[in-house]
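*Asks:* One-letter residues, chain by chain:
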Amino acid sequence: MTGLERKRLLLIIRHSPYGSSLARASLDVALAAAAFDQAISLLFAGDGVLQLLPGQDSGPLGVKNLGRLLASLPLYDIDQVYVDAETARRYQLDLAAAPLPARALEREALGELIAAHEHLLGF
Amino acid sequence: MFRPTMIYALLVMSSPASGQSAMTAARFARAVLARGHTISRVFFLDAGTANGSAMAVLPRDEIERLVPWVELAERDGVELVLCISSALKYGMLDETEAKRYDKPAGTTHPAFTISGLGQLVDAAASADRLVTFGG
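Protein sequence lines, in the order shown, are assigned to chains V and U. Each residue of the first sequence is one higher than the one before, starting from 1 at the first, in my numbering. Each residue of the second sequence is one higher than the one before, starting from 1 at the first, in my numbering.
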């Protein structure tokens, strides 16, 4: 769509990958925003950091693999991806093996990230 | 005193049957208008699409959940949009979608329209404030 104002959007994703339909819905919002050429960033926080778990296999659950969807996001120019470092440590997350590269931010940097965006969407 | 007016967009993600958040959104919308601001759109996502149900029946001693939204749409011209992919999953179909998917009847109130996520992106792009409820 042309003529749409460009806003800096930050999606704060707090749902674990297979515990809530909002996990998937938040990524759909990210894809739609990217399709409309908005400047979007993702922040995985709280249980949402579990979306970055390596080697997800959703087959036995009978639902789509969210890790695979995450891995495809850079193809849609979604590459401003952040994760709450403190929570990632608590979950002992191996960020180097995450399906989507994410930059770990300490608490002070999280505040700066939030302040740098015009709209926050909290999922 | 000069008070600048702003354009608000709302994103509602919780069902009226679960918790207080959806009703808070409707009250917030009412307060925004009372202050002279504008609401460009209310977008309902995921379980939030259940707010558009014309079929929900609540116990008599509980407050009405649909009427505040219908008033916002019909009296104040606020646009209420249900996310189509969520709405279909939750069985929220208008007459057109019900026919398209060969279902016996529509389930949404006519004050709501069904459309794509582009409507949320568009509302966010043109709004001074985007406020999310639920999630």
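Keep in mind the hints are simulated off the structure, nothing from the lab. The C-beta atom is built at its ideal place from N, Cα and C for all residues, glycine as well. There may be inaccurate statements among the hints.
What the hints assert, rightly or not - Cβ-Cβ distance ranges computed for the label pairs, FRET-style: (1) K103(U) to L61(V): 23 to 31 Å; (2) P54(V) to M55(U): 26 to 34 Å; (3) A54(U) to G19(V): 27 to 35 Å; (4) R27(U) to L31(V): 41 to 49 Å; (5) A39(V) to R3(U): 28 to 36 Å; (6) E64(U) to Q92(V): 41 to 49 Å; (7) Y91(V) to D76(U): 53 to 61 Å; (8) T113(U) to G62(V): 30 to 38 Å.
*Asks:* Regarding R27(U) and L31(V), is the given constraint of 41 to 49 Å on their beta-carbon distance met?
*Replies:* Given range 41 to 49 Å: violated, Cβ gap about 31 Å.
*Asks:* Taking the beta carbons of A54(U) and G19(V), is their distance inside 27 to 35 Å?
*Replies:* With Cβ atoms ~30 Å apart, the hint holds.
*Asks:* For the range 23 to 31 Å, tell me whether the beta carbons of K103(U) and L61(V) fit it or not.
*Replies:* holds (27 Å)
*Asks:* Just to be sure I understand the hint, the distance between the Cβ atoms of Y91(V) and D76(U) should be within 53 to 61 Å; is that true here?
*Replies:* Cβ of Y91(V) to Cβ of D76(U): about 45 Å, so the range 53 to 61 Å is violated.
*Asks:* Is it true that P54(V) and M55(U) lie within 26 to 34 Å of each other by Cβ?
*Replies:* violated (43 Å)
*Asks:* Using the Cβ atoms, figure out if E64(U) sits within 41 to 49 Å of Q92(V).
*Replies:* The hint (41 to 49 Å, Cβ to Cβ) holds, given that E64(U) and Q92(V) are roughly 48 Å apart.
*Asks:* Within 30 to 38 Å or not, the Cβ separation of T113(U) and G62(V)?
*Replies:* Hint holds: Cβ distance 32 Å, inside 30 to 38 Å.
*Asks:* When you take the CB atoms of A39(V) and R3(U), is the distance between them in 28 to 36 Å?
*Replies:* The hinted range 28 to 36 Å holds for A39(V) and R3(U), with Cβ atoms some 30 Å apart.
In this structure, the earlier hints numbered 2, 4, 7 are contradicted, and the remaining ones agree with it.
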